Amino acid sequence: MALIVLAGAGAFVLQKDGNPYRTVEVLKPSDYLENANSLRGNTYQVEGVISSSLGSSPEKGRLFGLKINQADKDWPLPILVPRDYRELNLQKGQRYRLKVEVNDDGLLEVEEMSKS
Amino acid sequence: MTCRLIAAGLLGGSLVAAWAQSPDAVPPAASPAPAAPPAAQKGFLGSDVPAFDPGSEVMTWDGKIWNIQDQRVFRARFEKYLNAEEESGAEAKKYRDQFKEMLDLLSPAKMSKENFRKAWAILPSASSYEPDAELCNSLDDAIFGVLLAQQEVTRIDDQNRSLVRRKDTLEWNSRFAADSSLLGPAPKNPAAAEQWNREQNLKRDMKMQPLLTELGEVNASIAGNRVKKEALRLQAKIEFQVLIAQLFLQRRFEHVLLANRFYRALFGDGDNQLRVADDYAANQSAKNKESFGDLAKLPKTLGQLDALANEAIRDVREGVESFSFLLEKSELKSAAERLSEAFAVGEYLPEIRLLIRAKKRSVLEFTRKSNQLLSALEVKDYERASTLVKELETTSQDFDSAKPLAAVETARTVSALHLAKARAAATSGDRATLETELRAATEIWPRNPALAEVSGAIFNQADVQQQALNDFERLHAQKNYRQIFEDKVRFIAATALHPGKQEKLKQVLDQVQLAEAALLRAAELAKRGDAAGAWESVERGFSGYPDDPKLNQARAEFTTQAAEFVRSVRTAQEMERKQQLGSSLAWYLRAQQDYPNSEIAQDGVARLASLILKP
Numbered sequence: 000m001a002l003i004v005l006a007g008a009g010a011f012v013l014q015k016d017g018n019p020y021r022t023v024e025v026l027k028p029s030d031y032l033e034n035a036n037s038l039r040g041n042t043y044q045v046e047g048v049i050s051s052s053l054g055s056s057p058e059k060g061r062l063f064g065l066k067i068n069q070a071d072k073d074w075p076l077p078i079l080v081p082r083d084y085r086e087l088n089l090q091k092g093q094r095y096r097l098k099v100e101v102n103d104d105g106l107l108e109v110e111e112m113s114k115s
Numbered sequence: 000m001t002c003r004l005i006a007a008g009l010l011g012g013s014l015v016a017a018w019a020q021s022p023d024a025v026p027p028a029a030s031p032a033p034a035a036p037p038a039a040q041k042g043f044l045g046s047d048v049p050a051f052d053p054g055s056e057v058m059t060w061d062g063k064i065w066n067i068q069d070q071r072v073f074r075a076r077f078e079k080y081l082n083a084e085e086e087s088g089a090e091a092k093k094y095r096d097q098f099k100e101m102l103d104l105l106s107p108a109k110m111s112k113e114n115f116r117k118a119w120a121i122l123p124s125a126s127s128y129e130p131d132a133e134l135c136n137s138l139d140d141a142i143f144g145v146l147l148a149q150q151e152v153t154r155i156d157d158q159n160r161s162l163v164r165r166k167d168t169l170e171w172n173s174r175f176a177a178d179s180s181l182l183g184p185a186p187k188n189p190a191a192a193e194q195w196n197r198e199q200n201l202k203r204d205m206k207m208q209p210l211l212t213e214l215g216e217v218n219a220s221i222a223g224n225r226v227k228k229e230a231l232r233l234q235a236k237i238e239f240q241v242l243i244a245q246l247f248l249q250r251r252f253e254h255v256l257l258a259n260r261f262y263r264a265l266f267g268d269g270d271n272q273l274r275v276a277d278d279y280a281a282n283q284s285a286k287n288k289e290s291f292g293d294l295a296k297l298p299k300t301l302g303q304l305d306a307l308a309n310e311a312i313r314d315v316r317e318g319v320e321s322f323s324f325l326l327e328k329s330e331l332k333s334a335a336e337r338l339s340e341a342f343a344v345g346e347y348l349p350e351i352r353l354l355i356r357a358k359k360r361s362v363l364e365f366t367r368k369s370n371q372l373l374s375a376l377e378v379k380d381y382e383r384a385s386t387l388v389k390e391l392e393t394t395s396q397d398f399d400s401a402k403p404l405a406a407v408e409t410a411r412t413v414s415a416l417h418l419a420k421a422r423a424a425a426t427s428g429d430r431a432t433l434e435t436e437l438r439a440a441t442e443i444w445p446r447n448p449a450l451a452e453v454s455g456a457i458f459n460q461a462d463v464q465q466q467a468l469n470d471f472e473r474l475h476a477q478k479n480y481r482q483i484f485e486d487k488v489r490f491i492a493a494t495a496l497h498p499g500k501q502e503k504l505k506q507v508l509d510q511v512q513l514a515e516a517a518l519l520r521a522a523e524l525a526k527r528g529d530a531a532g533a534w535e536s537v538e539r540g541f542s543g544y545p546d547d548p549k550l551n552q553a554r555a556e557f558t559t560q561a562a563e564f565v566r567s568v569r570t571a572q573e574m575e576r577k578q579q580l581g582s583s584l585a586w587y588l589r590a591q592q593d594y595p596n597s598e599i600a601q602d603g604v605a606r607l608a609s610l611i612l613k614p
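Protein chains in written order, with numbering that gives the first Met the number 0: chain A, 0 to 115; chain B, 0 to 614.
It is possible that some hints are incorrect.
Here are the simulated DSSO-like cross-link-like pairs (lysine-lysine), alpha carbons at most 27 Å apart as the crow flies [stated by the list, open to error]: (1) B:K379 with B:K420; (2) B:K503 with B:K478; (3) B:K526 with B:K549; (4) B:K92 with B:K79; (5) A:K91 with A:K59; (6) B:K613 with A:K91; (7) B:K379 with B:K389; (8) B:K577 with A:K27; (9) B:K577 with A:K66; (10) B:K109 with B:K93; (11) B:K503 with A:K59; (12) A:K98 with A:K27; (13) B:K613 with A:K66; (14) A:K66 with A:K27; (15) A:K91 with A:K66; (16) B:K206 with B:K112; (17) B:K613 with A:K59; (18) B:K379 with B:K402; (19) A:K98 with B:K613; (20) B:K505 with B:K478; (21) B:K332 with B:K299.
Calculated directly from the structure, the hints in this document are not laboratory data.
The structure presented is a predicted model; accordingly, all values stated were derived computationally and were not measured.
Model the full structure from these sequences, guided by the hints.
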């Protein structure tokens, strides 16, 4: 019974917040714009709307522009969606919450993602 | 033939004397020397005497050639004569009358001591006429000299007569002395008789010795006087002959006739042999020959001189008649030629001197223009020559324009050919050929109007072209493409023959044109309030031509107006340069967000995306 309660409480909490990456630090777009290379290897969470498709490659995946709103300001940032997520149907205007890592090229490479 | 030789004989020395000029002067091109010079023809005056060929107007003498018409001094003298008034005044008439009277008085039919004295008395008066040049005075002096010599001869004759008388006396005395020595009885004794004979002979010898000595002296004096008399007579003759020869060489033919008649009156011995050549020619100096002609080449008798003088006078008379006839027919060329020939031979004869000025002036213009034509051809002024030929054709019906026109046209054609080559060389930048061809054209026709025009144009063109090339190189080194663009017409023309420079110019012009297009587009966008678009337009032009002041000015202006967008683009570009692909792409995306139409941002995004997705 206690386990059921805990599970229910956990499910409640999860349902109430809805952010699966709440433990991951939120990316400050200004820092990224300032010097992305200095952030390499870090993992961040970002939330935004897909604003444009910038290109795709069978080997590397797809490149999108993700518009992040922070401090009442839109920050378009490039997002590399690896080929592992090729089954996902990503479209312009869709809002996603993403867990990203700043890769060796200074790009935000998606590790996990979910619609928000 | 005879006429020609006579004319030659007449012309020889006096022409040389009167016209002290270089006989070696070859006749100019307009009047080429004849194929067979008259000197080659043999005549009774010898092959070396002056010979005048009326066909070619060339006189040959002593291995030298003159063209009568072409001699400048003669031309000037002839023109002076054509302008001179005829000698028809009272003084001239008196002079002519006096000459006629003297010749008449001394004619063989009327010859007498009285007439001789009358004629001689006229000479001083005739000498006062200025054109006579006091030649009658010289003749007067010569006659006086002969008379003095004759007086001396008379004195010698008188002396000889006395000597002969003395000789007769001495001979008689000698004979008497010889005979008288044998007078008286001789001793009977043979021995005494022998002694007596010896004494008588001694006495006779003593008496005759002075007589015989004096007789010898008298005989020697008589013989010496005879020699002296002959020498005096010969000396007088030769001196008079020298004067006649000199008059002949001076073309004073009337004086020759008059002097001849005086000579015959003075030396009535029938000896007409001209001893000038024999006795004087051997001692004639080179300078004298140069001035007065070679006396050795004169005729051998006074009769010949007389005949030649008469022939010359007749020839001149015919020449003047021919001149008058041709003048009536408006054949000025032939008329001028006949008159110039007659003038050359008989400049001092009445036929020439009495020719009225109006007639002479009618050919003066033609002669002057003919002379100008010769001068023009000599100095290769073919333009002037061409004009003169046309004028002469209009003036004279018999003017033959073929020769001068042929010379003119040939020179024109060849000169034009060289000029065309010079032009071609100038176009192809072949300076050596250009100079050679221009020089050749100049030598052929120095005063060719086209020459100055063409050479001026060529050199101007060359100068302008070179200057433009220099300017282009300087501006290019300064990267002042805007100035090159402003003056592009000049530089396009200047570099037309230089492919390397042409390519450089093309690049410059393309850059500036792109910059201009960018500026135009920026201005248009700025008008619509699209500062970012205007900046981007200028920026794209700027990348191709960063030194253009106009672009720089516009760029600075629009940077202020679209500061955010410009910052995004510039940061994106900076990041891209630093290989910060993510940041750079983010900045390009931001720029695109600020100005969606931005081609710079679009290109940057595409370029970086391609790079990022590249396997």
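Here is how each hint holds up against the structure:
Pair hint K379 of chain B plus K420 of chain B holds up; C-alpha atoms about 21 Å apart against a cutoff of 27 Å. Taking the CA atoms of K503 of chain B and K478 of chain B, the gap is near 12 Å; set against the 27 Å cutoff, the hint holds. Our distance criterion of 27 Å between C-alpha atoms is met by K526 of chain B and K549 of chain B, whose separation comes to about 18 Å. This hinted pair checks out: K92 of chain B and K79 of chain B have alpha carbons roughly 22 Å apart, not beyond 27 Å.
For the hint pairing K91 of chain A with K59 of chain A, the CA-to-CA distance comes to about 20 Å; that is within 27 Å, so the pair holds. Note on K613 of chain B and K91 of chain A: the hinted pairing holds, with a Cα-Cα distance of about 23 Å set against a maximum of 27 Å. Between K379 of chain B and K389 of chain B the alpha-carbon distance is near 17 Å, which keeps this suggested pair within the 27 Å criterion. Between K577 of chain B and K27 of chain A, the direct Cα distance comes to roughly 21 Å. Compliance with the 27 Å bound is thereby established for this hinted pair.
For the hint linking K577 of chain B to K66 of chain A, the alpha-carbon distance of about 24 Å falls within 27 Å, and the restraint holds. At roughly 22 Å between alpha-carbon atoms, K109 of chain B and K93 of chain B fall within 27 Å of each other, so this suggested pair holds. About 45 Å separates the Cα atoms of K503 of chain B and K59 of chain A, which puts this hinted pair outside 27 Å; it is violated. As the CA atoms of K98 of chain A and K27 of chain A are separated by approximately 13 Å, the hinted pair is consistent with the 27 Å bound.
Proposed proximity of K613 of chain B and K66 of chain A is supported: the alpha carbons are some 24 Å apart, at most 27 Å. Between K66 of chain A and K27 of chain A the CA atoms are separated by roughly 13 Å; this keeps the pair inside 27 Å, and the hint holds. For the given pair, K91 of chain A sits about 10 Å from K66 of chain A by alpha-carbon distance, which is consistent with the 27 Å threshold. Only pairs whose Cα atoms come within 27 Å are accepted, and K206 of chain B paired with K112 of chain B is rejected, the gap being roughly 51 Å.
The suggested pairing of K613 of chain B with K59 of chain A holds, with an alpha-carbon distance near 8 Å, which does not exceed 27 Å. Only pairs whose Cα atoms come within 27 Å are accepted, and K379 of chain B paired with K402 of chain B is accepted, the gap being roughly 14 Å. Taken as a hint, the K98 of chain A and K613 of chain B pair is honoured in the structure, with Cα atoms around 23 Å apart against an allowance of 27 Å. The straight-line distance between the Cα atoms of K505 of chain B and K478 of chain B is roughly 14 Å, inside the 27 Å bound, and the hint therefore holds.
As the CA atoms of K332 of chain B and K299 of chain B are separated by approximately 38 Å, the hinted pair breaks the 27 Å bound.
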